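J.: Each chain, written out:
2 protein chains.
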Amino acid sequence: MTVIHDLTRRLQRKNDSKIVLLVADGLGGLPLEPGGKTELETASTPNLDALAQRASLGLSTPVLPGIAPGSGPGHLGLFGYDPLEYEIGRGVLEALGIDFDLGPNDVAVRGNFCTIDGDGNITDRRAGRIGNDVGKPLCEKLDQIEIPGVEVFVRHVKEYRLVVVFRGEGLGGNVDDTDPQRTGVPPLAPNPRDEASKRTAEICAEFVEKAREVLKDDAPANLLTMRGIAKRPDIPTFEEVYGTKPAAIAVYPMYRGLARLVGMDVLDAGTTPDDQLSRLEAAWNDYDFFFLHYKYTDSSGEDGNFDLKVQKTEEVDGMIPRINALDPTVVVVTGDHSTPAKQKAHSWHPVPTMIAADTCRFDGSTHFGENACQVGGLGQFEAKYLMLQALAHAGRLEKFGA
Amino acid sequence: MTVIHDLTRRLQRKNDSKIVLLVADGLGGLPLEPGGKTELETASTPNLDALAQRASLGLSTPVLPGIAPGSGPGHLGLFGYDPLEYEIGRGVLEALGIDFDLGPNDVAVRGNFCTIDGDGNITDRRAGRIGNDVGKPLCEKLDQIEIPGVEVFVRHVKEYRLVVVFRGEGLGGNVDDTDPQRTGVPPLAPNPRDEASKRTAEICAEFVEKAREVLKDDAPANLLTMRGIAKRPDIPTFEEVYGTKPAAIAVYPMYRGLARLVGMDVLDAGTTPDDQLSRLEAAWNDYDFFFLHYKYTDSSGEDGNFDLKVQKTEEVDGMIPRINALDPTVVVVTGDHSTPAKQKAHSWHPVPTMIAADTCRFDGSTHFGENACQVGGLGQFEAKYLMLQALAHAGRLEKFGA
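Chain order of the listed sequences is A and B. Those letters in the first sequence? Residues 90 to 491, per our numbering, in order. Those letters in the second sequence? Residues 90 to 491, per our numbering, in order.
Honestly, the hints are just simulated from the structure, not real lab data. Only a predicted model underlies this, so the values are computations on that prediction, with no experimental measurement involved. Wrong hints could be hidden among the right ones.
Remember, identical chains collapse to one label, so a pair may be satisfied in a single copy or spanning two.
Pairs of lysine-lysine residues, derived as DSSO-like cross-links and limited to a Cα-Cα distance of at most 30 Å, are as follows [what the hints assert, rightly or not]:
id	residue 1	residue 2
1	431	488
2	488	103
3	230	305
4	431	287
5	287	230
6	287	126
7	334	433
8	433	103
9	334	287
10	384	488
11	126	107
12	103	230
13	126	488
14	126	225
15	334	225
The task is simple: from the sequences and hints, build the whole structure.
T.: Shown next, in the form of structure tokens:
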């Protein structure tokens, strides 16, 4: 399964090329009716279309045909890490999503404040959906909890949601959720699924008992449940496996976190595409690989707003000229998955992708859209092979064998 | 990894079909400019185009997307051997390249004559680039060296380059190079990378000491360094895995060597395509699988000569009528990799491929070229699956399962 990185470690070659990977989240879409156009095909995208004329197009499958990925596996695939080999637990993803800098010895937990009655049974699994004004100070109180032998971090996420991180040597990450998924019963005891996670389960239990004491007067948020208890996956860095110096320019913390997971430098991205492009320009000489993430093609798709997704796609198109002006060796435009407005959700449909470089076998495409990609020169391919192609076009891979 | 041959061993069926595999080395190309044509698309290829009309077309990926292969992995893939599973060391390839008949107990070494000074330090890693007139007789002298327990063969390759082969039971092939890659230092001691190669390393060291004595008065070629020390990979034969009787008709020794590696009979191919075709005609009744290799589509590409590659492609086209006249059951036309004149090197771009047979799902192609292949019936596929399809069209595979 690690054949990709076995190869790139052996074949990597340094040069002064620059690669830009522009990920329009949830880029792929669907027509609303048979014979109709997708969001990307409907959008006016003169810059993407011009790029397509000096590119190879194709459709990338994030994981396997029929599998709709979350943001984690979607991005890992694009970064060349087999998403079936490197799984990211929910606790880890939640921690990444608040910009928490997870280390290799960290176990991360998604917490939910809940309400318990005098018998210790849960009466509300979301603690009456308390607001941020309530949740945040409670997290600050919980952050004071000390457990011998490990560092404990408690961070507020949103409303009744929080992240707990235990940092310590040799903690396993395989512990069952304590959320019983119903009311009228107490939270479950944290149950380890392997030997290496026994100590983690004990720590979780100790933390819950101390939290019970700390929160005893804070009803409706007088306890918490734990979910998605997981260790940061042990992932080799981008620099090690590809020999590139990568930077991430992403507005949303989740994507910064995913980039950090593979060892990218995370740059201040501001809040708008213009901010991101200014950062790209400023950092151009300091890195040779740039991951730019654009969120709103996904969020508009999730909202089921076809027209808004069209408009957001046009905003992505507007990013191209400033990227081109930097004269990158390779520009890749793709998504981490499809998010058709018609489905209001991530989907499994393969993702329109193009690689633009002087070494492309230009495939006659004049437009960047799902149908053009379907007959493009890249064919249909697993997303995990995208990086190999980007590196090849950048002249960063030696020949395999003599 | 060996699923292909597990299947073909179980499913192989004998009949009187004939398969011709015509490999135009480095066949795939690139247009020089967006909107332009590749070498193959530019060439006038009436015979290949006619064949395409009763064929299925596609693009084959030699190893993985983005990976440019050498000739070894490129051909192994076409022969149905996973090039990531069967790696061919440099010493082995060098020996194959001079038609040396490597056996299963042979360790092959690429040697370079070098110059050492009175202290034993290298002063010239290529021995002043001596000519063949100097190198050849020195190899004959070295060929007299005897080492107890193994057979030693020394063969001249070209100028300062030679091949050394040690033949003996139980010799491992994992020994580091002795070339220090710089001057002013002595050659490195041969260092075994595993237990099984300790004896090999000792033999290498003993050979070098004896060579030091033999060559002591032959400055500038008064020693040699050893590189690419490798054992012949243990490869099952074509006949065993496919049940066919294969013949190779290749002008260049490297390709004869690769064919020999998989157990093909290597026939005298003469020096021209006409010679090769005459040999094919003469051997037609004696074999049922024919591998024809044409070199100049690759060498013209390596030279960066687009027009010459076009012309050489037309020479390949000229080979088709005499092949057709033999009425083969299956004709496969492909390359072992792409060698775009634009890049002057082997590249990773997928390779135009067609399979012509009465059992084809004809895909409406009227021309054999990269763009036609991109939308052809074979799709994009890994080269290692080509043989399965050729055998299927030849009626040489039983149904899998009931």
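J.: Does each hint hold? Answer for all of them.
T.: How the hints compare with the structure:
Proximity of residue 431 to residue 488 under the C-alpha cut-off of 30 Å is restricted to the inter-copy arrangement: shortest distance 16 Å between copies versus 44 Å within a copy. In this assembly of identical chains, the alpha carbons of residue 488 and residue 103 lie at most 30 Å apart only when taken from the same copy (14 Å versus 38 Å across copies). For the identical chains of this complex, residue 230 and residue 305 are intra-copy neighbours only, at 12 Å inside a copy versus 82 Å across copies, given an alpha-carbon limit of 30 Å. For the identical chains of this complex, residue 431 and residue 287 are neighbours neither inside a copy (45 Å) nor across copies (60 Å), given an alpha-carbon limit of 30 Å.
For a Cα distance limit of 30 Å, the shortest separation of residue 287 from residue 230 inside one copy, 26 Å, qualifies, whereas the shortest one across copies, 63 Å, does not. In this homomeric assembly, residue 287 and residue 126 never come within 30 Å of each other (Cα to Cα): the closest approach is 53 Å inside a single copy and 64 Å across copies. Taking the shortest Cα distances, residue 334 and residue 433 sit within 30 Å of each other only across copies (28 Å), while inside one copy they are farther apart (36 Å). In this homomeric assembly, residue 433 and residue 103 come within 30 Å of each other (Cα to Cα) only across copies, at 19 Å, whereas the closest approach inside a single copy is 42 Å.
In this homomeric assembly, residue 334 and residue 287 never come within 30 Å of each other (Cα to Cα): the closest approach is 38 Å inside a single copy and 39 Å across copies. Proximity of residue 384 and residue 488 under a CA criterion of 30 Å is satisfied inter-copy only: 19 Å between copies versus 36 Å inside one chain copy. Proximity of residue 126 to residue 107 under the C-alpha cut-off of 30 Å is restricted to the inter-copy arrangement: shortest distance 27 Å between copies versus 34 Å within a copy. In the homo-oligomer, the alpha carbons of residue 103 and residue 230 never lie at most 30 Å apart, since the shortest distance is 49 Å inside one protomer and 42 Å across protomers.
Taking the shortest alpha-carbon separations for residue 126 and residue 488, only the inter-copy value of 25 Å comes in at or below 30 Å, while the best intra-copy value is 41 Å. Proximity of residue 126 to residue 225 under the C-alpha cut-off of 30 Å is found in neither arrangement, the shortest distances being 45 Å within a copy and 63 Å between copies. In this assembly of identical chains, the alpha carbons of residue 334 and residue 225 never lie at most 30 Å apart, being 37 Å within a copy and 48 Å across copies at closest.
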